[in-house]
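In the order they appear, the protein sequences are chains A and B. Be aware that the first sequence starts at 1, since it is given in my numbering, and climbs by one per residue. Be aware that the second sequence starts at 1, since it is given in my numbering, and climbs by one per residue.
Simulated from the structure, these hints should not be mistaken for laboratory data. Treat the hints with caution; some may be incorrect.
A pair holds if it fits inside one copy or across any two, identical chains being indistinguishable in the list.
[Claimed, not checked] Subject to a maximum C-alpha distance of 25 Å in a straight line, what follows is the list of computed DSS-like cross-link-like pairs (lysine-lysine):
1. Lys169 with Lys52
2. Lys169 with Lys79
3. Lys52 with Lys79
4. Lys100 with Lys115
Quantities reported herein were computed from a predicted structural model and do not represent experimental measurements.
Spelled out, the chains give:
2 protein chains.
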Amino acid sequence: MSGPSLRRQVEALLQGAKQAAAELSRAPTRRKNRALLAMAESLTAGAPEILKANARDLEAASRRGTGQALLDRLELNPKRIREMAQGLREVAALADPVGKVLARWRRPNGLRISKVRVPIGVIGIVYEARPNVTADCAGLCLKSGNACVLRGGSEAILSSRAIFLRLQKGVRAGGLPAGSVNLIWSTDRQAVDLLLSAVGRVDLVIPRGGQGLIRQVTAKARVPVIKQYQGICHTFVDEGCDLSMARRISYNAKVQRPGVCNAMETLLVHRKAAPRFLPAMAEEYLRAGVELRGDAATRRILRGLPVAAASEKDWATEYLALILSIKVVDSVEEAIRHIRRFGSGHSDAIVTRSKARAGRFTREVDSACVYVNASTRFTDGGQFGLGSEIGVSTDKIHARGPMGLEELTSYKYIVQGRGQVRE
Amino acid sequence: MSGPSLRRQVEALLQGAKQAAAELSRAPTRRKNRALLAMAESLTAGAPEILKANARDLEAASRRGTGQALLDRLELNPKRIREMAQGLREVAALADPVGKVLARWRRPNGLRISKVRVPIGVIGIVYEARPNVTADCAGLCLKSGNACVLRGGSEAILSSRAIFLRLQKGVRAGGLPAGSVNLIWSTDRQAVDLLLSAVGRVDLVIPRGGQGLIRQVTAKARVPVIKQYQGICHTFVDEGCDLSMARRISYNAKVQRPGVCNAMETLLVHRKAAPRFLPAMAEEYLRAGVELRGDAATRRILRGLPVAAASEKDWATEYLALILSIKVVDSVEEAIRHIRRFGSGHSDAIVTRSKARAGRFTREVDSACVYVNASTRFTDGGQFGLGSEIGVSTDKIHARGPMGLEELTSYKYIVQGRGQVRE
Chain A
1 MSGPSLRRQV EALLQGAKQA AAELSRAPTR RKNRALLAMA ESLTAGAPEI LKANARDLEA
61 ASRRGTGQAL LDRLELNPKR IREMAQGLRE VAALADPVGK VLARWRRPNG LRISKVRVPI
121 GVIGIVYEAR PNVTADCAGL CLKSGNACVL RGGSEAILSS RAIFLRLQKG VRAGGLPAGS
181 VNLIWSTDRQ AVDLLLSAVG RVDLVIPRGG QGLIRQVTAK ARVPVIKQYQ GICHTFVDEG
241 CDLSMARRIS YNAKVQRPGV CNAMETLLVH RKAAPRFLPA MAEEYLRAGV ELRGDAATRR
301 ILRGLPVAAA SEKDWATEYL ALILSIKVVD SVEEAIRHIR RFGSGHSDAI VTRSKARAGR
361 FTREVDSACV YVNASTRFTD GGQFGLGSEI GVSTDKIHAR GPMGLEELTS YKYIVQGRGQ
421 VRE
Chain B
1 MSGPSLRRQV EALLQGAKQA AAELSRAPTR RKNRALLAMA ESLTAGAPEI LKANARDLEA
61 ASRRGTGQAL LDRLELNPKR IREMAQGLRE VAALADPVGK VLARWRRPNG LRISKVRVPI
121 GVIGIVYEAR PNVTADCAGL CLKSGNACVL RGGSEAILSS RAIFLRLQKG VRAGGLPAGS
181 VNLIWSTDRQ AVDLLLSAVG RVDLVIPRGG QGLIRQVTAK ARVPVIKQYQ GICHTFVDEG
241 CDLSMARRIS YNAKVQRPGV CNAMETLLVH RKAAPRFLPA MAEEYLRAGV ELRGDAATRR
301 ILRGLPVAAA SEKDWATEYL ALILSIKVVD SVEEAIRHIR RFGSGHSDAI VTRSKARAGR
361 FTREVDSACV YVNASTRFTD GGQFGLGSEI GVSTDKIHAR GPMGLEELTS YKYIVQGRGQ
421 VRE
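Next up, chain A with everything else stripped away, as it sits in the complex (with noise of 0.2 Å):
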């Protein structure tokens, strides 16, 4: 497709999205519940059809020699189909966020001021393989109020549009206009830029996938954006503590899950907790797969065993893999110094027995989530009782942590006077 048409395209779409936004920030709750359930009866219905493209996407994949990890990522089965059209029943149920008051005060000469939420707007949504997450983060922009412009990975298209087909049929049948989900159809990546440089007419862009991708919208972005950088996530084992528990949360957090941005990355142990601590868990992992690679401390200590020489590079790597760092630490200094420098803001924990340790370790570890004596893998919007996820912050504005439907909002201050003029 040629420039100015590609654009012509996209301004249309874009259009059509601020005006569903408007008509969508004011639709009641029920109307909005009841699409959503559309869509999911409608994801149900066209599930062969949804296959059938998914399977050209996973063969064209395969011809160009792509690897099994992303494959994995890229297909669907009605399983996950089931899985997509559930996610959108258990967003219906959720709580609308939007029309709540905040806050609501009386100024001394009589002015009434509440700050309300209201949904932010027009939501673009830059992702990679995955094509659920076309009818995930369409669910949640559409209960929170806003239009979501969505913009999947080429390896995923004709999946991503035969699911936002199905998705759009939903939307219509529950009474919603049809710009309130909307998908960039082209897989031309100047379509990216047009969205990304929307100023005015895209509130908010969410990147979703990986480092490059993010670098890349970051970059490139004119209009507000919340990123989820990578999750290097720390466990650091304090003297002194319970060593089973601590083996029970560094294995989780390690093993449960390795491919996710929670997922432990390094291991930090007290030098006084190192030598009864290090040989019993390192057995525990390697039996599970994991390759280790330690500072000298930790080769020392488990000298014999199958560790690797850590060098700077790994304190500073997303393995999202069964492989772990390890680093023998003086003190809780050394292990929150050591966070600060290398850690990605996610998720941390610290394992002790110490109040002291454990209030200065939550007060300095500057990350999106501070845990003492649980697993970082708990860092999900379900989990913390959010609903669902459209991802996880590491910025600091707006939102941090898991980001449900409230993290979609934004809030309007209506002042309600008798006449009060500024003197």
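Following the hints, complete the assembly by docking chain B onto the known chain A.
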């Protein structure tokens, strides 16, 4: 200064700011207040040297043929220095937002989650001519536990440096790290670019100034930005409203201080109210020296009075001066449509006796502050009771409307467990 040397200088400054931010984030309220009072004291004591520096800025500016409006913004005098010092004392008296528990709950698995207010970190402020911004922003950032990196306009650079040196003295006297308040010494534009692209070292940039500055910052920023675009504010005079109240509000919104963002730029009048409302109103405006520009219906009603024809461009212009555009509309719907199309999402008012139309207006006008029967001039942190403000956000992300101390904070989740792991 050469590029690499400037880069090293800015890098060093940002590193110092980041370290100071860590310390400042846990500084007790008492110590921050002591520093603020010492900063106020130091400003007062340093008035002669500040005024000397300011005189040199003014001299250079008039040599360059700078206009009177800009010279006014640039000029300091003993009263303005006293006001700066007083501003710092007022910030010391405000409640400390840091450490406040925003929410606290317990999950079925026993995890106790609390959401706690924390500083944002390092905040960059890029501003133009008014040297008092140096003190105002430094005070608000310090009280909210943030290190600030100030970058003032080149036309006020000597004044800003003099103020900064006095503030620094106060920061140290108060026992806080010197890196808490920073000024980019160079006037090289490249220094701003370095600040705007310092991902991971600068957490937020707030531009304060004209549209040109804000566009530049938005175009170049890789770090999060909160903007105050223009204030194209409206007052809608509804049919059947109290016309004398409408006159008081419309007069105040335009005339009381026309050069600020919350002043009205466009008056919308219901067709049924126009014949009785407009003639007397126009006379009041003309007596106050307001230049009027109207649509055809307005000019018909005001035949004989000097009312120029308003063009499309007028509806989209922030005059910041004694100029007013006037339009006659058929309904509250048309008023809302006009505001949604031409407004800037800042502050808009309706004067009405109808609860239904007031409700419609407050729901459908998508602006930071929506007024019923009051002047838009109240959009201000002080008037809202938030204390001093660092600006008025027209963004919908993070903060909307007047930004006080709370809006300069983020939050973190602290999760307390007893060994919980994820199943």
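To see whether the hints hold, each was checked on the structure:
1. Within a single copy, lysine 169 and lysine 52 get their C-alpha atoms as close as 18 Å, which meets the 25 Å cut-off; across copies the closest is 70 Å, which misses it.
2. Within a single copy, lysine 169 and lysine 79 get their C-alpha atoms as close as 21 Å, which meets the 25 Å cut-off; across copies the closest is 66 Å, which misses it.
3. In this assembly of identical chains, the alpha carbons of lysine 52 and lysine 79 lie at most 25 Å apart only when taken from the same copy (15 Å versus 75 Å across copies).
4. Taking the shortest Cα distances, lysine 100 and lysine 115 sit within 25 Å of each other both inside one copy (9 Å) and across copies (19 Å).
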